[in-house]
Structure formats: structure tokens, C-alpha cells
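First to last, the sequence lines map onto chains R, F and G. Here the first sequence stands for residues 1 to 171, numbered as in UniProt numbering. Here the second sequence stands for residues 1 to 880, numbered as in UniProt numbering. Here the third sequence stands for residues 1 to 320, numbered as in UniProt numbering.
Please keep in mind that the hints were generated in silico from the structure rather than gathered at the bench. None of the values given here were measured: they were computed from a predicted structure. No residue lacks a Cβ here, since even glycine has one placed at the ideal position from N, Cα and C. Hints may be right or wrong, so weigh each one.
Lysine to aspartate or glutamate pairs mimicking EDC-like chemistry, simulated, CA-CA at most 20 angstroms apart [said to hold, decoys possible]: (1) F:LYS212 to R:GLU158; (2) F:LYS766 to F:ASP256; (3) F:LYS364 to R:GLU74; (4) R:LYS19 to G:ASP65; (5) R:LYS154 to F:ASP186; (6) F:LYS54 to F:ASP83; (7) F:LYS212 to R:GLU72; (8) F:LYS209 to R:GLU158; (9) R:LYS143 to F:GLU129; (10) F:LYS132 to R:GLU81; (11) R:LYS152 to R:GLU72; (12) R:LYS28 to G:ASP38.
Coverage of chain F stretches by chain R, computed from C-beta distances (three or more under 8 angstroms per stretch; other residues unrestricted) [claimed, not checked]: (13) 130-136; (14) 171-179; (15) 688-701; (16) 734-741.
As a plain string of letters, each chain reads:
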Amino acid sequence: MISLIRSIWLTFLHLFHKKETIQYPEEKVQLKPRYRGRIVLTRDPDGGERCVGCYLCAAACPVDCIALQATENEEGRRYPEFFRINFSRCIFCGFCEEACPTYAIQLIPDFEMAEYVRQNLVYEKEDLLINSQGKYPGYNYYKVAGLDAGVKGKGEGENEEPPIDRHSLLP
Amino acid sequence: MATLYVDNRIYEVTEGKNLLETCLSLGFDLPYFCWHPAMGSVGACRQCAIKIFKDESDTTGRLVMSCMEPVGKETRISVNHPDAEKFRKQIIEWLMTNHPHDCAVCDEGGSCHLQDMTVMTGHNYRRFEYPKRTYLNQYLGPLINHEMNRCIQCYRCVRFYKDYAGGKDLDVYAAHNHVYFGREKDGILESEFSGNLAEVCPTGVFTDKTLKQHYSRKWDFTFAPSVCQHCSLGCNIIAGERYGELRQITSRYNGDVNGYFICDRGRFGYEVANSPKRLLQPQLKNDNTSFGQEFIINDISELIATSNCIGIGSPRASNESNFALQQLVGKENFFAGLSKQEYQLNQTALKLLQSGVAEISSLKQIEQYDAIVTLGEDLTNTAPMAALAVRQAVRKEPVENAQQTINLASWHDAALREFVQHEHGALFIFHPHATKLDEIATKVTYATPEEIASEGFRIARNIESSADSDPIAAALLKAERPLIIVGTSLFNEDLLNAAGALAHSLQKKGKTPGIFIIQAECNSMGLAMMNTPSVEDAFYKFENNILIVLENDLYRKFPAQQVDELLNKCKQIITFDHIKTHTNEKAGIVVPVGIFSEADGTLINNEGRAQRFFQVFIPQNEWLKESWRWLYTLKALKESTAIDENLSLGTVQQDLIEALPQFKGIEQTAPDEDFRLNGQKIPRSPHRYSGRTAIQANINVSEPKPLEDNDSPMSFTMEGFRGIPPSSATPFFWSPGWNSVQSINKFQIEVGGPLHDGNPGVRLIKPAFTSEFKLSSNKTSLKANEWLAVPIYHIFGSEELSAEADSIQELTPAPYIALNQSSIDKLGIKENEVITIELNKETYQLPVKFRPEITDKIALIPYGLTAMGYIALPGIISIK
Amino acid sequence: MSETLTYWIVIIGILFVLLNVAALLIWVERRMLALWQDRLGPNRAGPLGLFIVLADTLKLFFKEDWTPPFADRNVFVMAPAVVVICVLLSFAVIPFAPNIQIVDLNIGLLFFLGMSSLGVYSIVLGGWASNNKYSLLGALRGASQMISYEVFMALSLMGVVMLTGSFSLHAIVEAQKNCWFILLQPVGFVIFFIAGIAETHRLPFDIPEAESELVAGFHSEYSGMKFGMFFIGEYLGITLISAITVALFFGGWLGPAFLPPIVWFIIKTTGFILFFILLRASLPRPRYDQLMEYGWKVLLPLSLLNLLVTGGIILLLNQP
């Protein structure tokens with residue numbers, strides 16, 4: 001009983017506390033770098049698209065708002081033919097970023113994407129792709145993958161031995 | 001029955017099987033790589049280690065490879081013993097030391113056995129920091145992609161390719177920790193079963209190259225159980241769709257038909273569904289404007305209401321579509337779209353199956369026969385999966401002998417192969433030219449079709465008189481279960497009669513022979529069972545009538561000139577088809593219809609097994625409906641009755657068995673459309689299907705309602721029953737922790753056995769004993785400059801639909817004529833020289849190929865190549 | 001001015017004020033809750049965000065008025081009206097000021113108790129007619145809660161009645177000229193106020209609604225103005241309980257003469273309304289069984305004891 005009265009009293013005292021509300025848009029919000037806002041597709045240090053179209057972001061998405069199609073260029077490098085995010089469904093949970101094995105998809109501190117027409121919330125690859133490495137500079141997936149996709153030859157990547165001579169029986 | 005104690009729990013199991021398959025059958029999750037249910041154990045990967053205990057008092061136990069250990073009378077094991085778990089974790093860590101960081105760009109990802117097993121064993125962090133081994137890849141042709149870095153050296157690929165399927169050109173090179181699986185040098189894989197490497201390989205070394213062009217992960221597909229349309233065997237397949245496009249075919253296990261595998265024509269022929277040859281819009285002759293559905297349908301219905309129609313059915317259309325056309329035009333006006341010769345062949349084949357002189361063998365049962373005679377059938381090219389089954393059958397006898405000699409169970413693959421070496425059971429091949437199966441045959445005879453038939457009759461007589469002088473008769477009599485394989489590919493009815501006589505003679509000697517008859521197309525048997533006369537009998541009726549052609553190209557069945565004349569006589573030609581054909585070009589009205597992935601229906605395979613194929617997706621293009629749906633609509637319009645908007649396949653099947661009782665049983669090929677499991681439909685998509693709210697967002701951000709399927713108990717979404725559906729309506733194989741095709745284990749009653757609630761398909765042919773066969777064959781006489789033209793089949797190119805697939809077109813041979821040495825000498829020509837031949841009043845210019853084995857006076861001409869058009873085969877050609 | 005006209009003016013005036021107060025409470029509650037939670041609350045629409053009331057009302061009016069196809073249509077439509085009617089009728093006996101009272105029934109207090117008990121029909125019928133398991137559960141909880149708390153709500157007031165010797169609310173206020181009953185009946189007040197919260201099913205006693213367990217309890221299926229009626233009914237209920245508490249225990253309109261009686265009444269009532277909101281801001285919801293246990297095992301005996309003691313003292317003092 002006492003504790004009830006005490007909590008009523010303490011709550012009452014909050015009437016005189018400083019308010020936390022930020023009067024947006026007059027006052028701007030200070031967003032932390034890892035804030036989960038607008039989703040972008042980044043590029044690797046060489047300027048190539050980081051996205052390899054592995055579909056993991058789409059699979060991780062709890063509201064299924066990511067659709068893409070992977071395709072390959074003549075060198076065997078995978079990239080998305082189209083990449084569509086329906087932001088009218090997106091809940092900015094960041095699972096896609098966590099699932100991404102190539103640091104391609106990233107959520108950035110920007111939430112000002114409101115639209116009057118819902119259709120405008122459907123973003124295509126052109127709308128998503130930015131000319132930056134985002135939060136993870138220096139990473140190039142094709143340098144560490146085993147695949148030869150025109151970025152490095154077989155055995156030339158980080159931590160790789162030169163290709164085996166399959167006609168040799170030497171140890 | 002034996003008793004198995006797993007972690008002190010008691011199970012009743014079959015004695016003699018290995019512990020791995022027993023554990024998997026009991027539902028334990030035990031990791032493995034080199035073992036495969038169809039290929040047995042070799043104990044190479046060391047992944048399936050378990051603890052085995054001597055007796056009750058033994059608490060230490062010892063580690064064994066479960067795939068190499070038989071179940072004894074009383075066996076005590078522990079699957080999850082800490083020692084075993086630690087060992088397995090260590091093994092996979094070693095396997096993963098060189099595995100590249102490729103999953104994101106690997107086509108196997110999401111359906112990868114290696115991923116599954118890594119997760120299952122709990123290995124999640126690479127401690128090994130040294131450089132990874134790398135390999136250079138090879139070009140393996142348009143079907144299979146090679147990425148050797150991903151290899152974990154399980155040897156499954158060569159065991160399948162070389163040992164199981166008899167391929168020659170894939171092997172293992174180099175040594176110790178850098179063995180290489182590939183060809184001697186870059187080049188197209190020669191085996192007809194190379195596509196199975198993509199399923200057999202536990203990781204992404206061999207992947208489907210056609211899928212790469214429109215890649216989707218397994219979880220993103222909409223699947224449906226389907227039946228292969230590219231030969232008469234009716235292999236079960238799973239067809240996958242994404243973004244409104246058919247993208248992948250994988251094998252669907254059926255313990256009675258194809259087992260675990262399918263051939264490359266079945267796997268890669270699907271591309272026809274996306275080819276530029278697809279018919280997508282209706283065409284009116286001399287009119288290029290587009291029309292609404294109402295317009296054309298009303299137009300046709302007016303036409304058919306006012307004048308007499310002739311309907312032409314097709315051996316590649318479903319039973320329901322053929323029946324719907326028969327209903328529309330009336331029984332007396334419905335004809336099979338086959339030449340008289342083909343019609344007669346199919347009828348004889350059907351009669352032979354019905355006669356009861358031999359047991360009808362299913363495709364999988366072929367493997368159980370110990371002596372096989374093939375009469376004029378190049379199995380590898382006309383029915384590839386039958387060739388694979390024959391390869392297993394000839395191992396039966398030597399393996400059984402070996403088992404007895406060295407006392408080993410049948411799953412001890414490596415040991416048995418070592419012991420058996422190149423021994424094989426009795427296989428007698430009679431064919432005009434060499435076939436790939438010759439290498440495992442006891443005796444091969446190259447002869448003309450007529451000679452083969454008379455050989456057959458002769459052996460039959462020898463069997464009856466128990467003549468020991470004939471080794472073939474003796475071998476067949478000695479065999480426990482002899483099998484006769486015959487077919488219609490050489491267009492010789494006497495071959496079928498000879499097979500009948502052979503079976504009959506064996507039967508008289510107290511044997512139960514088996515018979516397996518290869519036919520031309522996927523529903524040849526279904527059309528034969530409808531018992532409709534050949535259209536050749538109705539040519540006189542064409543004049544001033546309306547011709548309705550269903551999924552058939554008459555230009556492949558009759559000489560072009562003849563068809564031209566006939567079609568010109570017709571008042572109007574209406575065709576229903578899914579690909580552009582010459583017949584469609586001539587037609588006044590062409591209605592596009594759905595191809596197998598866009599339609600529901602049933603097919604009857606060569607053994608009379610009715611099998612259901614399900615629609616994979618509803619195309620955006622509203623024209624692409626099943627032929628039977630269009631034809632029922634037309635019938636309603638013609639008779640001015642109400643159009644049944646909710647017409648279901650079930651209704652059509654009911655009408656079908658009412659009108660044609662011989663099809664009774666066809667309705668049991670799949671659960672009806674009202675079937676529910678726990679009140680739920682069966683989902684066509686895996687539960688992790690992605691992008692639902694974005695796929696169509698570019699068109700409209702408001703998502704449409706999912707489409708409904710009133711033909712089957714399956715939904716077009718990921719929502720519905722999660723568990724094991726009825727075997728005939730299993731759209732894909734998936735089980736928690738088992739994302740790859742290996743999850744089939746969970747769908748079988750026991751590993752390698754039938755699926756839960758039985759293998760799909762209903763046999764419609766009930767043999768009744770008759771034995772009237774013609775007992776002699778005709779003899780054609782040839783003049784000096786005449787040769788007997790015999791068709792030679794090519795797995796890639798001889799079949800109409802798959803020939804339109806891009807990757808298969810790359811492998812299709814150019815037209816040629818093949819002659820033997822003496823013919824070439826006689827004509828004084830060189831190989832590859834273009835010669836002019838005349839056949840059935842048509843002249844052709846063909847390059848010459850040299851085939852040493854064929855007999856004199858035989859010329860082989862490839863059958864069914866699009867580039868050649870119709871050729872009257874077999875026939876007599878004169879060479880200029 | 002004829003008596004009838006005055007009468008009508010009073011009725012319409014009270015009705016007008018009450019409905020506006022109920023609407024205004026939407027804003028008051030949101031602002032106050034915000035302040036107690038260190039926020040600002042709605043402050044954008046109009047001065048001090050007051051127009052939020054207008055926006056909310058308009059929104060409710062324009063929402064789709066949806067009756068689920070599986071609902072019992074007639075009862076479903078009727079249920080929300082019941083609560084508003086009952087509460088408004090209760091206001092008929094409230095003495096706002098010496099001369100502002102619609103009717104001074106000699107059984108005024110019993111009339112109030114009766115009307116507030118009828119209010120439960122709204123919950124039961126609404127929940128039942130929705131034909132939804134959550135609604136039904138909410139309705140069942142509502143019914144049992146009301147029945148339990150009804151008992152000692154009436155009992156707790158008997159002390160006041162004994163002290164006054166009348167059921168007339170006017171008389172009860174008059175009787176507090178010298179001493180507010182809060183001083184004579186502190187236990188009675190506490191019990192009555194707790195029962196009052198339960199009667200309006202406000203937090204922490206919003207068991208029938210319990211959105212974290214039952215979606216939205218008895219009104220899960222309601223939308224548009226039908227939901228609006230429940231909404232208004234709740235705020236009217238708060239006002240009613242506050243007003244009646246003031247009348248019974250805090251001397252009603254009585255107060256120093258520098259302000260007119262009606263203003264005293266309004267000030268006191270407002271205080272209680274704010275206290276209602278403060279309770280919502282600070283207290284968690286008890287479990288259903290805790291609620292029932294508290295009612296039957298603590299409050300009921302306590303109110304009986306209160307009655308006994310009050311009666312005893314009155315007997316003692318009145319002894320000749």
C-alpha cells in the first residue's frame with residue numbers, strides 16, 4: 001500500500017521534471033552513426049557494386065519487403081539485375097544489414113523519407129545505390145571469396161595458395 | 001528383425017543394413033557426405049562417426065563410421081555421444097579449412113548439404129588461419145558449371161558419374177590433399193546424366209548452369225510436383241518458378257519410377273517454357289491486331305457451332321485435354337494426331353502390355369531383372385533413365401555372387417565394385433547401330449529392324465524347343481527373371497510382336513518374364529488408351545470442315561506437301577498449342593495455352609502409370625490456361641450452357657472416367673482439390689519465401705490477393721500445412737536442418753524405400769491373358785543404289801519440346817547421314833562430304849558420317865531434328 | 001422564466017458541459033500522462049494542442065463504421081449506447097450547486113448506484129455480441145469485477161447515509177456544512193474511491209480491456225463512433241465518479257464564499273479527475289485473481305467493519 005502511494009507520489013513529481021521531447025522539425029535530432037534509418041546499397045573500394053545478389057537480405061526480411069534478381073556479368077561477377085525495397089512495408093529492423101555477407105546493404109542515420117503517395121516509397125536499385133563504402137570502408141568481398149569474378153584470379157586473393165597443378169602428383 | 005539400442009532406447013530395425021541408413025530411417029540427424037542412398041557406402045568422408053558398444057556393460061565403446069557398420073542381431077550405439085560429436089566436429093572443421101568464402105555467390109547456398117552438415121555438427125568458426133588451396137575450373141559444357149575450389153573430396157561425383165551412370169570423361173586427378181575432380185581437359189560432359197551431379201555433389205562444385213542465368217535460391221521458388229514431358233518414361237520432377245518464369249527442374253523421388261535421378265533432357269529441357277518459340281498471344285491469320293479473350297472465344301464458338309469439326313488429339317497433350325477435345329467435337333470426329341503407322345505401333349504396344357504374357361516392369365523394377373534383351377531400342381537416347389536402370393540391372397548378378405563369396409552387404413559399394421570389376425549380368429542388345437549400353441552387353445548384334453524382329457522370333461522358337469545351341473535362349477532360360485525391352489522408335493511393329501512371342505515362349509517355360517516398352521512421347525500411352533483412330537483415316541473428311549489441332553505439329557508426323565494440301569482443303573484451322581509450330585503458321589486461329597508448368601493434368605507413361613502434374617504458377621498472361629479449360633469453355637458456348645467459371649480438373653476427370661471407363665483410377669493420382677491437412681492447404685513455396693510485399697510493388701504498391709488454385713489442394717503461397725504432405729502432392733523436399741535434396745530421407749518410410757503413403761502414380765493397365773502374336777517378320781528387298789534409312793535418336797534434339805531449350809540446342813547435332821565403310825567405299829565418298837539423297841520423293845543434302853559398326857545397306861538419319869523437318873523413316877533412300 | 005424553461009436550460013446546459021468535458025478529457029489525459037512521463041504530449045494542433053480534441057472527434061466520426069459479419073448485429077449496435085445513457089442518467093441526481101441539480105430524488109444515492117450498475121450491461125452485451133473470444137473474456141471479467149465491487153461500493157456509502165439520515169444527495173451535501181465526511185468517513189472514502197475506479201474500469205482496474213492480454217477486451221471489434229461511445233462513456237464515468245466523490249465526501253459545492261459554489265464543485269471534481277489520470281500514469285494493472293481477492297477478502301470485510309463502527313458510534317452519540 002505504501003509502495004503504491006509512493007509510486008503515485010513519485011510519478012506526480014515528474015510533472016516538474018525537464019521534458020525529453022525534442023520539438024522536431026524546429027529542433028533537429030542528433031542521430032548516432034548506427035541509427036537504423038534509410039537503407040542504402042554501398043560500393044566496394046574499387047567502386048564496384050558490393051551487392052552480389054545472394055538473397056540473404058530478402059530471406060532475413062521479416063516483412064518480405066525486399067525483392068531482387070541476381071545476374072552475372074561476362075566475368076562472372078554477380079550483381080543485382082534489379083533490387084527493390086518497398087519502404088511502405090519496411091520496419092527498419094536492420095536484419096537485412098546483419099544478414100548481408102558483403103556489407104552491401106546498410107542502414108544509415110536518416111529517417112526523413114515521408115511521401116504523400118505510397119507508391120513513391122517503392123525504391124529501386126537506382127534509388128538505393130550510393131557512391132560510398134558506407135560504414136565499412138576497405139572491404140571487398142570478391143578479394144576474399146574463392147571465386148574468380150574478374151576482381152582477382154584464382155589463388156591471387158588474400159590468404160590463398162596458387163592454383164593446384166592437377167597433372168602433378170608431387171606433395 | 002534386429003534390436004538396436006540407441007542411447008539405451010530400443011528400436012526394432014532390419015538386420016544387415018548399415019547403421020547410417022538405419023539411424024536416418026529412425027529419424028536421427030546424423031551428418032554424412034560420401035554415402036548416398038542410391039550409391040551405398042565407401043566410408044571415405046569419416047563424417048558419420050558414432051559410438052558403438054560391445055554389450056550392456058561396455059561404457060567406453062569405440063568410434064565407428066556408421067555407414068560401414070552393419071546392424072547386428074543386437075547392436076548398442078550412441079549417436080550423440082560426446083566423443084562422436086567431437087570427432088564429427090573435428091572432421092568437418094578439416095573439410096572446411098579449404099572451403100572458400102563463397103556461399104553468397106554460390107548457387108548451392110540455401111540447398112547445400114555442406115551448409116546443413118556444418119550447422120548440424122556445430123562447427124561455426126574457422127580457426128585454421130593458413131592460406132586456402134585453390135583450383136582452376138573447367139568448361140564442362142552448357143549444362144553444368146564447375147567451381148572446383150568448393151570441393152570437399154567426398155568422391156560422390158565420380159562414384160555417380162563413372163560407377164553408377166557409366167560415364168567415361170569425369171575422373172579424379174592429382175593426389176593427396178589436392179585431388180581434382182574434372183575432365184582430362186575442358187569439354188562438354190558426355191554423360192546423359194551429368195545434370196545429376198548438381199544434386200549429388202554435396203556442395204557447389206557442380207551446379208546447374210541454366211539456373212545460373214536466372215538464379216533464385218531454393219527458398220524463393222514456388223514449386224509444384226510435376227512429370228517430365230520429354231519422353232515416355234514419366235520421370236517425376238519438381239518444377240520451380242520465380243518472377244513468373246520456370247527456372248529449375250530437379251528430380252522428385254519416386255521409388256517406382258525414376259528413383260533419385262533424372263536425365264539431362266528432363267532436367268534442362270524445361271527452357272522451352274521460356275524460349276522465344278513460346279506462343280504467348282493469339283494469332284489470327286493475316287491480322288496483327290490484338291484481341292480480347294471474349295472476341296476470339298466467341299468467334300471460335302460461332303464457327304464450331306455452325307459447321308462440322310474434326311479434332312486432332314496429341315500424344316504430348318494431357319489426357320484431360322485430349323478428352324476435352326473429344327467431347328467438343330464428338331467421338332466420331334476425334335482422331336489421334338499420329339500417322340497410321342505410329343497409331344498401329346502404339347496400339348500393338350498397348351495390347352502387348354494388356355496381354356499378360358509378361359509382367360509389366362516399372363522403370364525402377366528394371367534394376368531387379370537378371371537377364372535383359374533389348375530389341376531395337378537405343379535406350380540412352382530414347383529413354384535415358386531406362387539405360388541407367390539397365391546399368392544397375394546388369395550389376396545385380398555379379399554383385400549377388402560377390403556378396404555370397406566375400407560375405408558383404410549390398411551397400412558395401414567400394415569393396416563390391418573392386419571384387420566385381422567389369423563382370424556383368426546377361427544383357428543382349430539388338431540394334432542397327434552401336435549404343436552406349438554396348439559396353440556392358442554380353443552380346444551386341446547390329447542388324448536391320450526386320451532382322452532384329454526375326455532374331456526375336458528365332459530366339460522365341462529356340463526357347464520353346466529349349467535349344468542349348470542358342471546362348472541367348474539359354475541365358476534367358478537360366479535367368480530367374482528375364483526382361484524384354486522393346487520400343488516403337490524404329491517404327492517396326494514386328495519388333496513388338498517378336499517381344500510378345502519371346503515373352504510368351506518364356507512364360508510357357510514357367511518363367512515370369514518382364515516387359516518394358518518404350519514409346520515416342522510423354523502421353524503416347526494415354527492417347528493409345530483412348531483408342532481413337534489415326535487422323536490418316538480421316539484425311540478424306542477434311543474438305544470444307546473445321547480442323548481443331550490440339551498441341552500437335554502435323555508437320556512432324558506427315559510429309560510437308562501432304563499436310564499443306566490437307567490444310568488448304570479445310571474451311572478453317574484452329575490450333576491450341578504452347579509453342580510455335582509449322583501447323584500454327586498455317587492455322588487461321590491460334591490459341592496459346594499453358595505448357596506443363598502452367599497447367600494441371602495427367603499423363604500415362606510407358607508402363608500405363610497415370611501420373612499427375614500440377615500447375616506451378618498462374619502466369620500473368622491470361623491466355624495461358626490449360627487446353628482442357630479452353631475446350632470446356634468452347635463446349636459450353638457451343639451448347640449454349642453456362643460456362644463453369646470454377647471448372648476443376650477433378651470435374652474433367654470425373655467426366656473422363658464416365659465416358660471412358662478404361663481411365664478409372666486416374667482420379668486417384670492425386671488428392672482432390674478439397675483435400676486439406678489440419679484444415680490447411682499444402683504450400684507450394686517454402687516457409688522462408690521472400691519478397692512477397694516487394695515483388696509487384698513496382699507495378700502497384702498495394703499487394704494483390706494471392707491467386708487461388710481450384711484444381712489442387714495446394715496454395716500458391718508459403719502459407720499452409722508444414723509437414724509431410726501426400727506423396728503425389730509434395731511440391732518440394734525440405735525438413736528442418738535439411739535444406740538440400742538430401743532431406744528426401746525424411747519423406748521416405750525407410751531410406752531408399754517408398755515415400756510415406758506410397759509412391760505416386762496409379763497403374764491403369766490390368767493385364768488379361770491373351771497371346772495372339774504374329775510370328776514372322778516382313779523382309780524388304782533393296783536395289784543396288786538403295787539403302788534402308790533407319791532413324792537414329794539423339795537425347796538432345798530428337799524430342800520436339802526439349803529441342804527448343806537454349807542449352808539443349810547447343811548440344812543438338814547438325815543433320816547428317818551415317819554409313820558404314822563398305823557403303824562409303826562403294827559410293828566413293830569421304831567423311832563429312834555432303835551427298836544428295838532421295839527419300840519418299842524428297843531430296844535432302846546431308847554430310848556423311850562414318851559409323852563402322854552398322855551393317856551394309858543401312859543409312860542412319862537422325863530423327864526429329866528441327867533443322868531436318870519431317871523425314872519418312874524408316875524408308876528406302878537412294879543416294880546420288 | 002417559467003419553471004419548466006429553467007428546468008430545460010439546466011438539463012441542456014449540464015448535458016452540453018458534460019459532453020464537452022468528456023471530449024476535453026481526451027486532451028487533458030494525453031497532456032497529463034505526457035507530463036508525468038517527461039514528455040510534452042499533443043501540442044501541435046491549435047493553442048496548447050487543444051484542437052487535438054477536434055481532430056480526434058472528427059477522426060472517430062469518419063472512421064469506417066464496421067459491424068463484423070459474425071456479430072449479433074442488434075445487440076452489437078445497442079451496447080455502446082447503454083454505457084453513455086446510464087452514465088448521463090446518473091448525472092441527473094448530482095448536485096452541482098445549491099440550485100443546479102436536475103432532480104433531487106429522495107433516493108438519489110440509490111439511483112446513482114442503480115444506474116452505474118446498469119452500465120455493466122454495456123460491457124457484457126458488447127463483448128458477447130462481438131462474437132470474439134477476446135471480447136467475450138473481457139465481458140466476463142467486466143461482469144464479475146462489477147458485481148464484486150458493486151457490493152462494497154454501496155456498503156461503503158452507508159456510513160455517509162447514516163450520518164446524513166437521507167439518500168438525497170442534496171441533503172448529503174447540506175449535511176457537510178460543518179464537517180466534510182472525508183473526516184468522519186475516511187475508510188468509507190478510500191473504499192468507495194477504489195470501487196469507483198473499478199466501476200469505471202480505469203487503470204489500474206481495466207481488467208475487461210487489458211490490451212496487453214485481450215487485444216482490446218470487450219471493445220476489440222468496435223470502430224468508428226460505436227467505439228467512440230465507449231470512449232466517451234469512460235470519460236463521463238471518470239467525471240461522474242469524481243463528482244459523486246466530491247458530493248459525498250468533500251462537501252460538494254461548499255467552500256469559502258469568495259467563489260461561487262459551482263466553481264468550488266468544479267475545482268474539487270477536476271482534482272479528482274486528475275488523480276484518476278495520475279493513477280493511470282503510475283500504477284500497474286493487477287492480475288485478475290488479485291483483483292477479485294482484494295475485493296472480496298479485503299475491501300468487503302473492511303467496509304462491513306466501517307459500517308459497524310460508524311453505526312456503533314452514532315448509536316453511542318445519539319444515546320439520550
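Each hint tested on the structure:
For the proposed pair F:LYS212 and R:GLU158, the alpha carbon gap of about 26 angstroms is over 20 angstroms, so the pair is violated. Note on F:LYS766 and F:ASP256: the hinted pairing holds, with a Cα-Cα distance of about 17 angstroms set against a maximum of 20 angstroms. This hinted pair does not check out: F:LYS364 and R:GLU74 have alpha carbons roughly 42 angstroms apart, beyond 20 angstroms. Restraint check for R:LYS19 and G:ASP65: the C-alpha separation of about 38 angstroms exceeds 20 angstroms, so the hint is violated.
In summary, the hint linking R:LYS154 to F:ASP186 is supported, as the alpha carbons are separated by about 17 angstroms, within the 20 angstroms threshold. Of the pairs offered as hints, the one joining F:LYS54 and F:ASP83 holds, with about 16 angstroms between alpha carbons and a cut-off of 20 angstroms not exceeded. Among the hinted pairs, F:LYS212 with R:GLU72 is consistent with the structure: their alpha-carbon atoms are about 8 angstroms apart, no more than 20 angstroms. Using a Cα cut-off of 20 angstroms, the hinted pair F:LYS209 and R:GLU158 is violated, with the two alpha carbons roughly 28 angstroms apart.
A distance of roughly 16 angstroms separates the Cα atoms of R:LYS143 and F:GLU129; the hinted pair therefore holds under the 20 angstroms criterion. Only pairs whose Cα atoms come within 20 angstroms are accepted, and F:LYS132 paired with R:GLU81 is rejected, the gap being roughly 31 angstroms. At roughly 16 angstroms between alpha-carbon atoms, R:LYS152 and R:GLU72 fall within 20 angstroms of each other, so this suggested pair holds. The hinted pair formed by R:LYS28 and G:ASP38 meets the criterion: a straight-line CA distance of about 19 angstroms does not exceed 20 angstroms.
Coverage of the stretch 130-136 of chain F by chain R holds in this model, with 7 residues showing a Cβ closer than 8 angstroms to a Cβ of that chain against a need of three. Remark: the stretch 171-179 of chain F is confirmed as covered by chain R, as 5 of its residues place a Cβ nearer than 8 angstroms to a Cβ of that chain, reaching the required three. Requiring three or more residues with a Cβ within less than 8 angstroms of a Cβ of chain R, the coverage given for the stretch 688-701 of chain F holds, as 12 such residues are present. Counting residues of the stretch 734-741 of chain F whose beta carbon lies closer than 8 angstroms to any beta carbon of chain R gives 0, which falls below the threshold of three, so the coverage claim is violated.
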